[in-house]
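Chains as they are written, first to last, in my numbering: chain Y, 1 to 279; chain L, 1 to 266.
Hint data in this document are derived by calculation from the structure and do not stem from the laboratory. Among the hints, a few may not be true.
Subject to a maximum C-alpha distance of 20 Å in a straight line, what follows is the list of computed DMTMM-like cross-link-like pairs (lysine to aspartate or glutamate) [said to hold, decoys possible]:
1. L/Lys228 / Y/Glu211
2. L/Lys69 / L/Asp129
3. Y/Lys44 / L/Asp28
From a predicted model like this one, the values you see are computed outputs, not experimental measurements.
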Amino acid sequence: MRSVSKYVLLIFLLSFTSFCGVPKAEGKNPDIRFRIITGVNFYKAFSQKKNSMIMKMGYPVFEGMQWQIGGGISISGKTTTHHLNLKVLHIPVLNSDDGLSNNFLLQKHNSNITGIQLEYQMQRNLYSYKAFELDYAPLAGLDFQIRNITYTSGTGEKTSDFNLFLGIRSLPSYQISQRITLQAGFDSFFYIPYLNTGTLQKWNDQGEPIEKTNYHAFYYRTRLHTSLKYKTEDGKRVTIGYRNEKTVGFANSQPLFYIDELIHHRLNQYHNIFLEYEF
Amino acid sequence: MKNSIAIIAITSLALIFSACTEFIVELDADKEWQLAADETIKLYYKKRGYSEAPSPTNEEAQQILKNQKFYYQAIQDSIQRTFNEPVLLYLYNKDQAGKSIGTSGGGLSQPSFMTIYYTFISDIEPYTDQYGIENPYVGAHEMVHIITHNVLGHPGTKMMSEGYAVWLDGSYARKDINDYIRKFKKEYPEYVMSPTQLLNKSFDDEMIYYPNAGVLVRYWVNTYGLEKINSLFSVSKDHFKDEFESITGTSWNEMAAEYHKYIETF
Numbered sequence: 001m002r003s004v005s006k007y008v009l010l011i012f013l014l015s016f017t018s019f020c021g022v023p024k025a026e027g028k029n030p031d032i033r034f035r036i037i038t039g040v041n042f043y044k045a046f047s048q049k050k051n052s053m054i055m056k057m058g059y060p061v062f063e064g065m066q067w068q069i070g071g072g073i074s075i076s077g078k079t080t081t082h083h084l085n086l087k088v089l090h091i092p093v094l095n096s097d098d099g100l101s102n103n104f105l106l107q108k109h110n111s112n113i114t115g116i117q118l119e120y121q122m123q124r125n126l127y128s129y130k131a132f133e134l135d136y137a138p139l140a141g142l143d144f145q146i147r148n149i150t151y152t153s154g155t156g157e158k159t160s161d162f163n164l165f166l167g168i169r170s171l172p173s174y175q176i177s178q179r180i181t182l183q184a185g186f187d188s189f190f191y192i193p194y195l196n197t198g199t200l201q202k203w204n205d206q207g208e209p210i211e212k213t214n215y216h217a218f219y220y221r222t223r224l225h226t227s228l229k230y231k232t233e234d235g236k237r238v239t240i241g242y243r244n245e246k247t248v249g250f251a252n253s254q255p256l257f258y259i260d261e262l263i264h265h266r267l268n269q270y271h272n273i274f275l276e277y278e279f
Numbered sequence: 001m002k003n004s005i006a007i008i009a010i011t012s013l014a015l016i017f018s019a020c021t022e023f024i025v026e027l028d029a030d031k032e033w034q035l036a037a038d039e040t041i042k043l044y045y046k047k048r049g050y051s052e053a054p055s056p057t058n059e060e061a062q063q064i065l066k067n068q069k070f071y072y073q074a075i076q077d078s079i080q081r082t083f084n085e086p087v088l089l090y091l092y093n094k095d096q097a098g099k100s101i102g103t104s105g106g107g108l109s110q111p112s113f114m115t116i117y118y119t120f121i122s123d124i125e126p127y128t129d130q131y132g133i134e135n136p137y138v139g140a141h142e143m144v145h146i147i148t149h150n151v152l153g154h155p156g157t158k159m160m161s162e163g164y165a166v167w168l169d170g171s172y173a174r175k176d177i178n179d180y181i182r183k184f185k186k187e188y189p190e191y192v193m194s195p196t197q198l199l200n201k202s203f204d205d206e207m208i209y210y211p212n213a214g215v216l217v218r219y220w221v222n223t224y225g226l227e228k229i230n231s232l233f234s235v236s237k238d239h240f241k242d243e244f245e246s247i248t249g250t251s252w253n254e255m256a257a258e259y260h261k262y263i264e265t266f
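Taking the hints into account, I'd like the entire structure generated from these sequences.
Right, dumping it as structure tokens:
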């Protein structure tokens, strides 16, 4: 719990230090905006068929539809916009597919995933030409996820991940008209094993605990995104968009950048459709 | 000029990073399977003529299914634990297996997905395993991993994970593990591994490590009893010696000396 508090504090410190510095550094009152986000993810977690490089992921797969709600705040100064976002994600029903559309593995109504992501971004402009702008944003965040798996006969597995990630966003955009902006880009996120912790717990089909093992994950997450932003007359903004997200990586008992004693892995894909309202 | 260089650099990096997951992991979502199934084993195999290497006939598929079902129960009986989850077995033709699962001479398991990936080799060497099954296309090894990882916990050491699998399969690469130890003693005595060498993974070569681990675990089970050894399955390497001494009441050095004497009897 102490390590969890440490990471939460770090992100808040990072964001608040930057937020508080905005007006002073840029000599004017910052523009503050709030946003609410909702969306749906189509989640797939693949099995690892080959664990030597290049690894292969394939069937069977755990899959489900994930609901996402969130909110955030943006503070814009003269050159920099600071974003702080909080997202809650939940998959209430997790199914499995063997490649032939059979679920032989999971009690789907007793298998679920819940996650919380807190993310801070510092967005700056790199280049602009007429209606085209290229922004970039270094970022840091926390990713907390609990996955509960109940197999067909009642054997259980629970993984709890608490990860700190660092990354960068690219945000090219093109203003189609005075009100509509098209945005697309690529983000990458690095989960460093020395900053991450997780726990694997297993139960037998009688519900008796078998083990509890700690691990450290090394994940790499990529996100391709595209969106359309509409600016209303009174300055509010509505964005609709699509993101394709992939997470690959593994977790060992020790913090390592290679597979030693593989305890857990993530070979995940998301297709995300989201709607954002900014005011 | 500065900005142009920055844009080119950022764009190039974005392109490289966007393909980066493909440098690490590729998706191989193969859906062309035939399914032979009973309550516990689901066998996925390729239809005849799928590739240049032979696919199993329906009779061979049924035989594999029957054998796996037998191992499924025999393993539970041997470790005195119950396990009722279905196990999925994906069988690749020999000419596809190397690319898809990283080996064309065996397989691997994913206990979290209750899944085994394995190579189908039609012209296997004749071999009868310790359960009396003649020429099994797929042995018990990977099934042991699936069951032990789910009923005994995540293995804390390679020694216990592979030791159980080789002990309960009785063979490595379709040869009796006792024959390996005899051959090592006679021709390569440095390949006979002590318990400490096994714990520390002193040899990476599977051909040396696996038979040694199997013989050690079998010796421990026969000497100290199954329950005590089962309880050591998930103990980490750093705590293993202390836990071993506490659970068996025997010092590690004393056990190693006795094991050395046992190996001499081969």
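Results for each hint:
1. L/Lys228 / Y/Glu211: Status holds; Cα separation ~16 Å.
2. L/Lys69 / L/Asp129: OK: L/Lys69 and L/Asp129 at ~15 Å, within 20 Å.
3. Y/Lys44 / L/Asp28: Distance ~14 Å between Y/Lys44 and L/Asp28 Cα, so the pair holds.
Hint check: no violations occur; every hint is consistent with the structure.
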